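Protein chains: 4
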Amino acid sequence: MEYRRLGRTGLQLSALSYGAWVTFGRQVGRSDAREIMALAYDRGVNFFDNAETYNAGDAERLMGDVLADLRFPRDSYCVSSKVFFGGTTHPKPTQRGLSRKHVTEACHQALQRLRVDYLDLYFCHRADPDTPIAETVWAMDALIRQGKVLYWGTSEWTADEIAEAHDVAQTEHLHAPSMEQPQYNLLHRERVEIEYEPLYERYGMGTTIWSPLASGLLTGKYNDGVPNDSRLGHPDFAWLRDRLLNDGGAGLKSVRKLAAIAGDLGMSLTQLALVWCLKNPNVSTVMLGASRKSQLEDNLGAIDHLSKLDDATMYRIDQALQ
Amino acid sequence: MEYRRLGRTGLQLSALSYGAWVTFGRQVGRSDAREIMALAYDRGVNFFDNAETYNAGDAERLMGDVLADLRFPRDSYCVSSKVFFGGTTHPKPTQRGLSRKHVTEACHQALQRLRVDYLDLYFCHRADPDTPIAETVWAMDALIRQGKVLYWGTSEWTADEIAEAHDVAQTEHLHAPSMEQPQYNLLHRERVEIEYEPLYERYGMGTTIWSPLASGLLTGKYNDGVPNDSRLGHPDFAWLRDRLLNDGGAGLKSVRKLAAIAGDLGMSLTQLALVWCLKNPNVSTVMLGASRKSQLEDNLGAIDHLSKLDDATMYRIDQALQ
Amino acid sequence: MEYRRLGRTGLQLSALSYGAWVTFGRQVGRSDAREIMALAYDRGVNFFDNAETYNAGDAERLMGDVLADLRFPRDSYCVSSKVFFGGTTHPKPTQRGLSRKHVTEACHQALQRLRVDYLDLYFCHRADPDTPIAETVWAMDALIRQGKVLYWGTSEWTADEIAEAHDVAQTEHLHAPSMEQPQYNLLHRERVEIEYEPLYERYGMGTTIWSPLASGLLTGKYNDGVPNDSRLGHPDFAWLRDRLLNDGGAGLKSVRKLAAIAGDLGMSLTQLALVWCLKNPNVSTVMLGASRKSQLEDNLGAIDHLSKLDDATMYRIDQALQ
Amino acid sequence: MEYRRLGRTGLQLSALSYGAWVTFGRQVGRSDAREIMALAYDRGVNFFDNAETYNAGDAERLMGDVLADLRFPRDSYCVSSKVFFGGTTHPKPTQRGLSRKHVTEACHQALQRLRVDYLDLYFCHRADPDTPIAETVWAMDALIRQGKVLYWGTSEWTADEIAEAHDVAQTEHLHAPSMEQPQYNLLHRERVEIEYEPLYERYGMGTTIWSPLASGLLTGKYNDGVPNDSRLGHPDFAWLRDRLLNDGGAGLKSVRKLAAIAGDLGMSLTQLALVWCLKNPNVSTVMLGASRKSQLEDNLGAIDHLSKLDDATMYRIDQALQ
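Chains as they are written, first to last, in UniProt numbering: chain A, 1 to 322; chain B, 1 to 322; chain C, 1 to 322; chain D, 1 to 322.
Extracted from the complex, chain A is given alone in its bound form (with noise of 0.2 Å):
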């Protein structure tokens, strides 16, 4: 496994980590968890991502039973949770959202679902227009300075709200956002590469990417339809369908080149996907979401095939995507 600084801070993150996002509690159960977990442990992986609001903390609870199962050195990973969407199916008003309240209670109850003394990564999961930035920078120094947080960070901010924080915590000495959780993937790069381009140099932000995959889209699966048993095949993410297919097939014939690319290099499209991102400099992580075991073992392999990514090919890769 590769190591990677997450942005200027001095901590460690393995270039590949895990997510439970849509898996944890759904798809995956526990004996599933605890395999998938750890085999990801075994080949280096030491960041599992989760938040208050996947599966209702269903999530959240699975991974702190198998944590607790597995035993690892708590000093040897890394554990997360995000706050924004409540941890709960139909959250009150006062249950959801970046006020002083839900940020500490949400990481309170965070801590007893995942069974750990404190969150090595915590996450606004997204901007509250309905708290003010610096409350939430407030709340989020407080519970660093009671040890029950090591890096607070954002996801999906933009930039300009990301750069109030900094300026929050600079004027105030507080600590300051280390981290985004953006969405970025070969079909989704405008705001990792561009409108977060000046939060890298100037705050040393760091970056744990979601959906590498776009939501299996990078895995080729669905180039010829949409199975009953993939993610996208549940009623739930039918939304998410209509959004990836409906774009005239533009979309499905770049991944049908990208395909063609990876098979040329020796390595699954999905692969492709995975090391491409890591060619960017200001990914810290990328994070698998794999549910079952076998694909999680494909996906750590694509680790091997980061130098392939050279800049001729890399330049190939952008001429697909036009």
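It is worth saying that the hints were derived from the structure and are not from the lab.
It is possible that some hints are incorrect.
Said to hold, decoys possible - Coverage of chain D stretches by chain C, computed from C-beta distances (three or more under 8 Å per stretch; other residues unrestricted):
#1 76-83
#2 146-154
What the hints assert, rightly or not - Quick list of the computed label-pair ranges, beta carbon to beta carbon:
#3 Asp65/D x Glu172/C: 35 to 45 Å
#4 Glu172/C x Pro73/A: 32 to 42 Å
#5 Asp58/B x Ser291/A: 53 to 63 Å
#6 Ser307/B x Pro129/A: 16 to 26 Å
#7 Glu172/C x Gly301/A: 52 to 62 Å
#8 Asp117/D x Pro73/A: 15 to 25 Å
From a predicted model like this one, the values you see are computed outputs, not experimental measurements.
Even glycine gets a Cβ: it sits at the ideal position worked out from N, Cα and C.
Here the structure of chain A is known, so what remains is to put chains B, C and D in place on it, guided by the hints.
Below, chains B, C and D without anything else, positioned relative to chain A:
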């Protein structure tokens, strides 16, 4: 129920909330309190107001028992206390005021009486001329950093005193007050509408309104004299009776006109008085003090009439008050 | 009892308070201490002063036992400790002074001996030329933020040293010292009246006065020599006896004149000496050190004579001291 | 024993202290460690140095057992740890370096191994090019505010790195480093005497010296070759042996001249080497690493010869080193 941000904070309070003030532990006993709070919560009320001085601590003890009994999720509601007058009948010199000693000890005592780990809101019940505002701001900030209080505020401070608290907080990098708890109703408007005007925009202060019914005067129940079983009929409130009814009848005359407007709009005078407060965008929540379940039902129903107070009606109300 | 603010803080101390200094654990044993403290509290005394060094920790242990026994409500009184000389007979190099290590450890030890969760007042018993003032200010501030101390102060520091502590606190946003514990009495006035003058207005410092009776000289009991059973008759206080009585008789001559004035006013010399201290508006409290209940009764009675010290009498006293 | 302030702090350390480095848990077992520490404490040593990496945590475990066994009063001595290299043989990426995660976790682990509630001194064992200095300063400050560390410092950082730490601390109102732990001895002088020169006056840094005997070279025991049972005879120290003895013999030649000077002064070469370090006023303490009680006795005896190093002798020593 409608929810509003507490000023510019991220905390969403129900537009109508419940205060234990004169009733808890006096007119209202354990089983009534249980029924009232259950009803309020059921209808969406998420803020329960209290103070160390309400019935010398008994109002907090009663609310704490009921909260423990009803087991609302802790993150679904807010509870407050207030410090200044002391939590006993005859407080000693160190048992009242806004010194760091009393602010700190009163918080710990309120947490015990209310049986919670932290107060969502903690108010300075009055300004204390014998304590520097800076000392109180430092003490409140310490409680917030220790996780014992989420938001602190003032009650019936002058606008200048509140501004000074904000100045200290800014200079020393401390948590500033987030809210005021002023008296506000159709008969008592100046402080909230004029004196505090600069505070809303400049500091983002919210307000939690007490006495929206002018101690019952705006229910119309004193229009024909003071019944023995009303609050004003109680010997302890003789001073209030004198103040409210002995103004040469001008107050009662206005009240009768308002009752007519309410009738025209198909609501009770009480409901008119409550929603009138909510028309002020700087009002975060209006605290109800109902001592009977049926009364609370009627009060909570007011929210449905809010839209009836259009510009023409508001003008008619102002005319009635002149 | 009269109560006064501790300087500009919000803390109200009884004008007469009680100090354990030379008596506790030496002349005064458990049952006497219990009687004395019960009487003092009953008469309105709300400040009990102590120090790590008083009888090598035994004065604190005794006071802690009595406090636990008498069960005064914790918020109704104040208790102090002081750090510098060490809490053992022969302190090692790290067991004395004002280093962060000793300031912190001495606080924890005082809390254990006094059997309380926090000290209301915590004094630096002397200035420490071998510790930067900044280090001590940081250490005191940390104890206040941790809730282990409410107010910190100094004892017998120079005005310049106190001013430096305030400068550090202002620059670094830390809690500044709130009070000084100086010696002050009819025969020892310069520091409190002249050297400290700028501190009261500029920093709002309060003072807790020790030795208001000049080690007994102002009781008049040494007017005819030193009795064997008095403090000055004890071999440990030979140095004090020498200093007080060997000034060519000038001190004793003044004392005899003061006794005459007291007689004219219908009070004892002791009472005159005590209330004279209280005439100084910068005196927050005068600490009594009575070792017998009857003596304490007499001392506490002084407060009733305060109004007798009018301008003419104060002038007459100044004349007697020249 | 002589005591010195740790730089400008108020902490008084014994001029000679004891370090567990290469010996504890390797040459020195439980009963020897007990004897050595008892003797050192008995002779006035009040600082016991350790690090997470010394024998992969075993040196701290052994010292913790002995401290628990000997029951020295906690306020009568100082104990340290150091963070950087990790507390296991093969640390994972998050288990080493100066990230907030590792600095915090390593502190908690050292407290457990040493069986104490706080570290008196906590060092960054090396500078970490992969962590911003600001992150480490914030993490150290948090540990001090939480009461888990009293003073933090660096070991073998460059003067520029140390200055940057002070700049961050001043700007952000954090605790700055108080001490450096550099190598310093007759054969290795430049860093302490020249590079660090500005740090003493400007920042009040103290120094805790390691390797005062140049890994045994200054005991003279290698003058005639390397014995098998010496540290340099151990395979693990082959690299050190090569470095020390393969300089064309210049080092050994100087050592023989110094031995002659020591003989003239009536002390051993070892003792000369130790007291020579103490002649430098910027040296706070010199750490001994004796693995045998008799050796420690001899080392501690050095302090009695300190006064013999007058100006003429210091000149003679400098000549011998040229």
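Verification of the hints:
{"no.": "1", "hint": "76-83", "in the structure": "holds (count 3)"}
{"no.": "2", "hint": "146-154", "in the structure": "holds (count 3)"}
{"no.": "3", "hint": "Asp65/D x Glu172/C: 35 to 45 Å", "in the structure": "40 Å, holds"}
{"no.": "4", "hint": "Glu172/C x Pro73/A: 32 to 42 Å", "in the structure": "38 Å, holds"}
{"no.": "5", "hint": "Asp58/B x Ser291/A: 53 to 63 Å", "in the structure": "56 Å, holds"}
{"no.": "6", "hint": "Ser307/B x Pro129/A: 16 to 26 Å", "in the structure": "24 Å, holds"}
{"no.": "7", "hint": "Glu172/C x Gly301/A: 52 to 62 Å", "in the structure": "54 Å, holds"}
{"no.": "8", "hint": "Asp117/D x Pro73/A: 15 to 25 Å", "in the structure": "23 Å, holds"}
In the structure shown, no violation is registered for any of the earlier numbered hints.
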